[in-house]
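J.: Start from the sequences and build out the full structure, keeping to the hints where you can.
2 protein chains.
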Amino acid sequence: MKNLLVAQSGGPTAAINATVAGVVSCAQSSGMVDTVYGAINGIEGVLEERFVNLGETLCGSQQISLLMQTPAAALGSCRFKLKDLKKDASQFEKIIEVFRRHEIRYFIYIGGNDSMDTVDKLSAYCTQQGIDDIHVIGAPKTIDNDLVGTDHCPGFGSAAKYIAATFAELERDCHVYTTKAVTIVEVMGRNAGWLTAASALARVNGGDGPSLIYLCESVFDTERFLADVREQLQKKDSVVVAISEGIHDTQGHYISEQVQSGALDQFGHSYIAGSAKVLEELVRTRIGCKVRSIELNLMQRCAGHIASATDLNESRMLGMKACQCAIEGNSGLMASVERISDNPYRVRYMAVPVCDVSNAEKKVPMEWITPDGHDVTEEMMVYLQPLILGEPEVQYQNGIPLHLFLY
Amino acid sequence: MKNLLVAQSGGPTAAINATVAGVVSCAQSSGMVDTVYGAINGIEGVLEERFVNLGETLCGSQQISLLMQTPAAALGSCRFKLKDLKKDASQFEKIIEVFRRHEIRYFIYIGGNDSMDTVDKLSAYCTQQGIDDIHVIGAPKTIDNDLVGTDHCPGFGSAAKYIAATFAELERDCHVYTTKAVTIVEVMGRNAGWLTAASALARVNGGDGPSLIYLCESVFDTERFLADVREQLQKKDSVVVAISEGIHDTQGHYISEQVQSGALDQFGHSYIAGSAKVLEELVRTRIGCKVRSIELNLMQRCAGHIASATDLNESRMLGMKACQCAIEGNSGLMASVERISDNPYRVRYMAVPVCDVSNAEKKVPMEWITPDGHDVTEEMMVYLQPLILGEPEVQYQNGIPLHLFLY
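Line by line, the protein sequences are chains A and B.
Per my numbering, the very first residue in the first sequence carries number 554; after that it's consecutive.
Per my numbering, the very first residue in the second sequence carries number 554; after that it's consecutive.
Careful: at least some of the hints might be erroneous.
When chains are identical, the list treats them as one kind, so a pair holds in a single copy or across two.
[Stated by the list, open to error] SDA-like mimics (lysine to any residue), calculated; alpha carbons at most 20 angstroms apart, straight line:
#1 Lys-789 / Leu-959
#2 Lys-789 / Phe-958
#3 Lys-916 / Ser-771
Calculated from the structure, these hints are not laboratory results.
T.: Structural data, given as structure tokens:
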């Protein structure tokens, strides 16, 4: 028996289940895999042998379609780093023991940097132990788009599409009054500003989009920010600002931390506020106009109802690629996307050594931020535009999208 | 010449432009109207004679379709209450002067309670002055669903659909980890809990939906809330809570105010936090588990990309009804929806005296809240379900929905 096990890890996205769909389809069509299992809650579920038989659950194209449109990890997730192999091999021994018991020959792990670290360590352990019949492959996933070795990451395109559409809608909403007003919208990303940059895509159909965009790659200067806002308020009534969650000052302190230190509520607890909330208070005090802050919060990573068809399709293809790599006898690789051209948009699917990916981080190049520090360049727009294209046909029932429940 | 003027007022919704589309279509097809004007920024724009010729802008079904899918008031809005007629008639005189100059015989004002107050006062002024050739009619609009005289309000169904779909997605997202966690989601509504109730629709396809739902019609008891959350945490890892923005204690003080009094940030300003943020801090201190708060904020009223087809259609029909009422020579009425049956869902369009609507407020009946105070009843579900049905075919371009810009 040659069985395959797939698991999901890290923060959920709207496209991570499309990768599972790709893995299952490839395994089933290959004729090389007997049973496809899914582990519940990532590597934790592997250690605890919590498996579902995906071949039985995902029988037919309707189930696969539903899985594709279901946001967040349908197999559950975990935040779990394997111990250092040199210090403690017990977790690795346990995993191989579980694999042997269930005749798992192929293991596909879908996730971000930390998950690729797991793939790296586990395949290194197999090599070290001379285990050559178990193949461990990674498939990328993160809305943050910060993995190296791939042009972009599955999940990012759908989050970017949600952000672009939402900024376009917010701009319409904020435009209706004649009162001078500032709206500060916080987008996820502590170290990489890709998602915040996607707010610029709100302009692609002639809308104003955000007036100011601040990514976390630049140092954030509050005085400069206030001057920028004042300048925009001279030109228009409604100023919409996009900021990364992780904007920070010259010392590297997050802007969001600036309130935590001082503020206490009536119970005497220190207050945890987001960057946008801190800037809202700053604009209120220093400029004095109407101001509101908005966090796109979890909605930006789970809005399956407005996923990018390009993203879902690529996510599925990467699942297929990862499965194929494993079946071909590889280990320690991550499936990845290489962009061949922007327009027409063409990509090819590759595999890169996972050790180059794990624990690295791809930030926005500084030359893709405009010299004034509050917008993105045309190169960024060219990079982003194809990733949000296409609308999948979402199945609704009783007025809301249908989701598939695997456990 | 008999011209028609339409204007929008109050908070934007995803369906308010469908009502403009209905007014324009009816006016054009009636053969009774020469030119259809739109006033920019509601009654303020009337006073300042800022008009657009909608007959020229909205020529053809493609423009009407685009207007239907554009969220927020395409003609702009205002928050402007006319002065008391008994004290100062100058604004009324000015409006009639503007109407005469542009040969306006029909004026349709789309909005909520305050806008209906404007319709009421203006039609009363006309009656008092013996002006019988100017007809002033209201068309309802509010995501809050708090207008009397109508089964429900245009804009509510689309906001409810967004909320239902978003809670279903958030529930999927929060479900992936095995850590005990509480997610508190704040929904708009200071005095009426209809929108918060719509979170229960996340359950219609078998999903868990929110574990606890607190509407602003009930007194909110923080100790009871903590006990409810603790009880839910015994049963499941992820507890999602829906609360109205306007939840308040026995003295009528908003929960959101409880932090404003005490908290100061490092600049020494008092801190304005939402109800969900206050409860987040409470759960963190008193229960100590992982906790997050989310505000659906402006997104819930401007998410045109997931509007309810039922809502858009009814909004358009109400615009047509309002226009028809005016052309037939009525004044001081508001177009409204009467529900004939729940299943199959059938309605008819009526007109009610606007004086019964203005300055009144329709809250959730207490018998539609479960006796334990943290959920809604089956009657509420039956009432809500038809309002979110149907998905309009949204036109996308470059990956985001197309919007129409009228000014």
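J.: Give a verdict on every hint.
T.: Here is how each hint holds up against the structure:
Taking the shortest alpha-carbon separations for Lys-789 and Leu-959, only the inter-copy value of 17 angstroms comes in at or below 20 angstroms, while the best intra-copy value is 50 angstroms. Taking CA atoms no more than 20 angstroms apart as the test, Lys-789 paired with Phe-958 passes between copies only; the shortest distance there is 16 angstroms, against 47 angstroms inside one copy. For the homomeric pair Lys-916 and Ser-771, the shortest alpha-carbon distance inside one copy (11 angstroms) is at most 20 angstroms, but the shortest distance between copies (48 angstroms) is not.
The structure is consistent with each of the numbered hints, conforming to all of them.
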